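Since the structure of chain A is already known, use the hints to place chains B, C and D on it.
These protein sequences, in sequence, are chains A, B, C and D.
Quick note on numbering: the first sequence equals residues 1 to 847 in this note's numbering.
Quick note on numbering: the second sequence equals residues 1001 to 1096 in this note's numbering.
Quick note on numbering: the third sequence equals residues 2001 to 2095 in this note's numbering.
Quick note on numbering: the fourth sequence equals residues 3001 to 3314 in this note's numbering.
Each hint should be verified, as a subset may be incorrect.
What the simulated footprint calls covered on chain C by chain A, stretch by stretch (three residues with Cβ under 8 Å from a Cβ of chain A suffice, anywhere in the stretch; the number is not a length) [stated by the list, open to error]:
| # | segment |
| --- | --- |
| 1 | 2004-2016 |
| 2 | 2039-2047 |
| 3 | 2051-2058 |
Below 20 Å or equal to it, Euclidean Cα-Cα: the simulated EDC-like pairs (lysine to aspartate or glutamate) are [as the list claims (entries may be wrong)]:
| # | chain 1 | residue 1 | chain 2 | residue 2 |
| --- | --- | --- | --- | --- |
| 4 | B | LYS1031 | A | GLU479 |
| 5 | B | LYS1031 | D | ASP3205 |
| 6 | B | LYS1031 | A | GLU87 |
| 7 | A | LYS23 | A | ASP559 |
Keep in mind that the hints were calculated from the coordinates and are not lab data.
Remember, predicted model here, so these are calculated numbers, not experimental data.
C-beta atoms are modelled at their ideal positions from N, C-alpha and C, and glycine is treated no differently.
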Amino acid sequence: MNSETGFDPELLNRFPTSEERPKGEVEELNRIWAAPSGWARLTVVNNNYIGIFYTGTAFLFFLLAGALALVMRTQLALPLNGILPQETYNQFFTMHGTMMMFLFAVPMMEAIGILLLPQMLAARDLPFPRLSAYAFWAYFVGGLSFFASLFFGLAPNGGWFMYPPLTSITYSPGINADFWLLGIGFIEISAIAGAIEILVGVLKTRAPGMTLARMPIFAWAMLVFAGMIIIAFPAVILGTLLLEFERALNWPFFDAARGGDPLLWQHLFWFFGHPEVYIIFLPAAGLLSMMVSTFARTELVGYHLIVLAILATAFISFGVWAHHMFTTGMPDLSISFFSAASMAVSVPAGIQVFAWIATFATGRPRYNTPTLFLLGALITFVMGGLTGVMVALVPFDWQVHDSHFIVAHLHYVLIGGAVFPMFAAFYYWMGMTSSRALSERLGTWVFWLMFAGMHITFLPMHLTGLMGMPRRVYTYLPESDWMATNLISTIGAFTLGAGILLFLVDLARNFRFTVEDDAGNVYGGGTLEWLPTGLYSTRSIPVVRSRSPLWDDPNICEDVEKGRYLLPNAPTGHRETIITSPLRAEPQYLQIMPGPSPWPLLAALFTAGFFVLLTIQAYTPAVISGVLTIPCVLRWLWETDRPVAVRTADVGAGIRLPTYVTGPSTHGWWATIILLIVVFMIFLMTVFSWFFLYGIHPRLWSAPDNLLSLVPVLGGYGAAAGLLFLGRHLLARTKSTHWSPATQILLAAIALVAAFGIDLWSWRESALDPELSAQAALTFAFLSQQGLLVAITAIMALYLALRNARAMITRPRNTTFDVVFLFMLYTAGQGSVTAVLTRLAPAGFPA
Amino acid sequence: MPVADASRGKRAIERVGCASCHTIPGIGWPKGEAGPPLHGMAERALIAGRLANRPGILARFVRDAPALVPGTTMPAMPLSEEESRDVAAFLYESGK
Amino acid sequence: MNAWVLLLGGLTVWAIHFFLLYSFASLFPGQEIARILTLAATAPALAVDALLLWAAAGRAFQTDELDRWVYDVSATGAALSFIAVIWQALPALLV
Amino acid sequence: MLDGWPPPILDPAGPDAWAIATLAWVLLAMAALVLGVVLAAMWLALSGRPELRARLGGTKAIWIGGVAFPVVVLSLLLVYGLSLTRTQSAPLRGDEMRARVTGEMWWWRVAYLDQQRRPVLHDANELHIPVGRPVVLELESGDVIHSFWVPRLAGKLDMIPGRRNIIRIQADQPGVFGGQCAEYCGGPHALMGFVVVAHPQQRFDQLMRSRLARAAAASATPQAAQGARLFQSSGCAACHRIAGTPANGLAGPDLTFVGSRRTLGAGILPNNRGTMMGWIANSQAIKPENRMPPYTLLPGEDISALAEYLEAQR
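If we strip away everything but chain A, and leave its shape as in the complex, we get (with noise of 0.2 Å):
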């Protein structure tokens, strides 16, 4: 076998071992772990207790948002109907659209993520149990603030995708486009944090031995998630704050009157918007394909070719953005690629289909709620899937898109894809969390109120597409023919309610929260998430042979509770769990996490606090509680990266591993990696805007009058760049003084805020205005993304320094001075490609 690391494999094969374990290790992972009570619990940071708060926070939005569903169904089963007057309607089909993909399905799936991952990888914890902690608290009072705008007629009402002109100033000068703008804004902060959290929990904290070939399917569909994550938020991030700095500031990027195109909107909606559905669907896909395989009582066939269809999925999912464009009069050619890659990705869908049902051929299938729900799941899909090969040919989409044709087919899609998979995964997995099992007998019941609700409501509804009906409209008239199919649905939305709430009475009866003595394995899963678990998760870390673990070895459970697998107890008495090798998941240190903190919680509510009092224009409070949040953050982290007193601790078998690790394989490492990608990703999306807008009114680009002043900027960026590298080469040299490698730091810093300021203030001199044309109001977009890059630079190394001042730095490397290090360098590059790009690119092309 080869090995990744130098780690020897060889040494994974004494493990289970066979001498007792030394009282009182349970005893001492139960206090090291334990929750803290009372009000104190909302500190608590453990995944069990997180991932069961969110997972409950995103259900309760499903509920609100459904709720809201069905008065809209009921206005709509009489032609001319009074229930829902017409500006109450359009806030309610924007609020249902926004909250089911923003507040619901997203930070499900990131929930479940959350819930239910460390215990796949058999991880004590994921790697950030603060970030996760922060992203639940922003998620949990951003959406509830969010959704209250409702109660007071504040709710947005440009629908979910909140096309401008419509969501411009101009036609929407209420407060309510901007509850969208900033509410969505931290529920994206929110997700990224999520996504960073379970790319490195995926690739880091896996199971010694569990390679990517013996890795859940579950996990590789999350560590696609967030990877998808990563690639597409930053598209939308960048959409909302330019449309708010439109609102705001009157900067004009999508006012085609100075020089913006409503259109850039719309790509940049639609590059997150499209790959936002596989987002949803990849980790729903994910969750069948576990469970499929248990209920076949057999291994997925074709565990290859899924992972293969959940990769491909994940990159042509990028390239069908344009689809919701073909009405918008895109040159023929363009329309025609996203129409031959919306054909291609449902290829990869087809082999996940036909790989579950070469499973159950395969295996023994049994009957029971969950797989109700899956085989419900499967054929909703694909019937979805298949309107969706239908809209993807141009000329159809012509007729079709925007009516009730494709409300039919994004809710075939979306709650096959992941409404019943994850009601499939509530009855699978509720022995994990609570102490009774759901009941069968009235999960049949739900299953098939739900099942026959969604095709009453939906299926005729793509008939009333057919028929003319447009979407998003509150009533329709008499003479229209369209009564019959609307009644229709709405009696099968009804019938779709009741199922839920029959939900709601089985929860109410058998949900019964705990972390201990949980219902347990009911249905006979094979994966480690089965494993048995206290407050610490696993006892001990089990060597991974194979993709069922505890299928092909009976004895695995035993083995694990009795500790006779790695990190049986807390060798440096904190919390801690294995990092392993991206690849074959070999060993390579200790991580020491931290625990219960208030500091996560208050910084989410003062980022929360700051979005909603931006919104409602408060600005002073606003910009408080913004300032508020930077040292809550910093104190949460300043208990973080600290050296313990033990260098190296024998996690069973004689095996050492070091607890402090330096440079790329550590997880902090890939974490500032991960949100520099996402950052990159903001930048590069401005960069398209730019050629974009370019493109389409080159004659309104001017040349920059302020060339010579790239001189200083460059400068100032180089100088940054070169003192980074000395600070570390002093890092690495120095023995003695604490100051000399965080005076480089500094000043590196300082060079940075001159460069900057130099940049800002060129502009400012110059002639260009941002309210005046969109080439000004992106040049200075791109300088408002530098000059928070370059804030965040200068409080990142004071923060270094005072860590210094306390020598908290170790010699010769050390991982906050590497994140410090990373984050400065790309500041540095991104700034000298902004002014260069500001400067140059619109001289360079022909007027």
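Leaving out everything else, chains B, C and D in the frame of chain A:
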């Protein structure tokens, strides 16, 4: 003579757009505010303040108001005799 | 070859090819040159996919479980990419 | 049979809509076929005979069912779809009738263009076209994004500020074809309808001749002189234009031919004296948020006179 049919009356009301001036019970949209609302038609003593509220008169009134009440702002509506009886039937039924 | 390159190689070819095509169609809207460039970009993309397929198929006799698996995924990815690249180029001939 | 069968998309009245309707039937058949295959495979996998299950239970089945089968079906569809895309956007011949339709919140501005593409007649919410002749529409927007869609004649195309999109429609039979804005445009988006009326060529030419004459002549409706005065004095003329009169406002629909329109309020109300009066008196109660203010203070006789005057504009 066929019996007046309230449901046909409703369709006629929707077709000619009575609700663009009157809020009519049973008609969700529009809820016009140019003329008086037509709630409680069955209990009213008078039509337009001066005609006896009887089905035949109401039917004639909705069809050609200026002929019965010279100077009224309500115009003649494009309804057949049969339709006007249906409309009257609907107004009595829905406005109970 | 690096495992990640193998795992993602075919799909990356598709992605590069797609974004090239999109750029050509955007830079030269409605012009014949966009079609020609599209076809010109398709040939090397198909060649790389074929190369990947060949490389992966040739090493199917790996003894290491993970390596063998990576080559399996790689070959499938290259095959899928091959079909998708052909589809991607069809508009240049048909539209 | 269900009201409204066949649905407009499957009941085409022009060549482009025909082609798409045919495609739609092919696609529906494809969807039924594939769904049938998947359901059959599922049924076999769950409760088929053991030897059949064994055949379904390997990677080979995935390659056949999940890769080869979709690739064949999708390749055929893609070639069909792409070829159709090309025919639907065939270059213009140059002799088509031309008109410009501009989406406004929440109505449609219509201008008939001559061969030099200059506007010669203005109207709103209704377009008259000759049967059997292609009509090229220049689609523009006056404010936000709208989408022009008359399902029985062609697919839809968006109207985007700062851009001009070109769509070709054609009716092969006389008739009235309804349409509606298909891109959510805020407020009463639901109430933004449109009517295309197709006439035989001869009648169409007649109509255009009489309209051109009407547009050139001064208004000749003495019996409605009171209405004409009110139209100026009440402020109607600030937003509405009536050719041949001093009324020259451009913010609202052109009312030169309003009396002959089939609908009021952009395709939502029948056009008669009663609805005209109701609309003038308080259109906000009918179509909330529309840009016309309510005239609740105007006495009934005045509204009546205005309605009479407007009825005569045809």
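Status of each hint after checking the structure:
Remark: the segment 2004-2016 of chain C is confirmed as covered by chain A, as 6 of its residues place a Cβ nearer than 8 Å to a Cβ of that chain, reaching the required three. Three residues within the 8 Å Cβ limit are the bar, and the segment 2039-2047 of chain C against chain A gives 0, so the coverage statement is violated. Coverage of the segment 2051-2058 of chain C by chain A is violated [criterion: at least 3 residues with CB-CB distance below 8 Å; count 0]. Only pairs whose Cα atoms come within 20 Å are accepted, and LYS1031 (chain B) paired with GLU479 (chain A) is accepted, the gap being roughly 18 Å.
Straight-line distance between C-alpha atoms of LYS1031 (chain B) and ASP3205 (chain D) comes to about 40 Å, which puts the hinted pair past the 20 Å bound. A C-alpha spacing of about 15 Å is found between LYS1031 (chain B) and GLU87 (chain A), which places the hinted pair at or below 20 Å, so the restraint holds. A distance of roughly 16 Å separates the Cα atoms of LYS23 (chain A) and ASP559 (chain A); the hinted pair therefore holds under the 20 Å criterion.
Taken one by one, the earlier hints fail for this structure at numbers 2, 3, 5, listed in ascending order.
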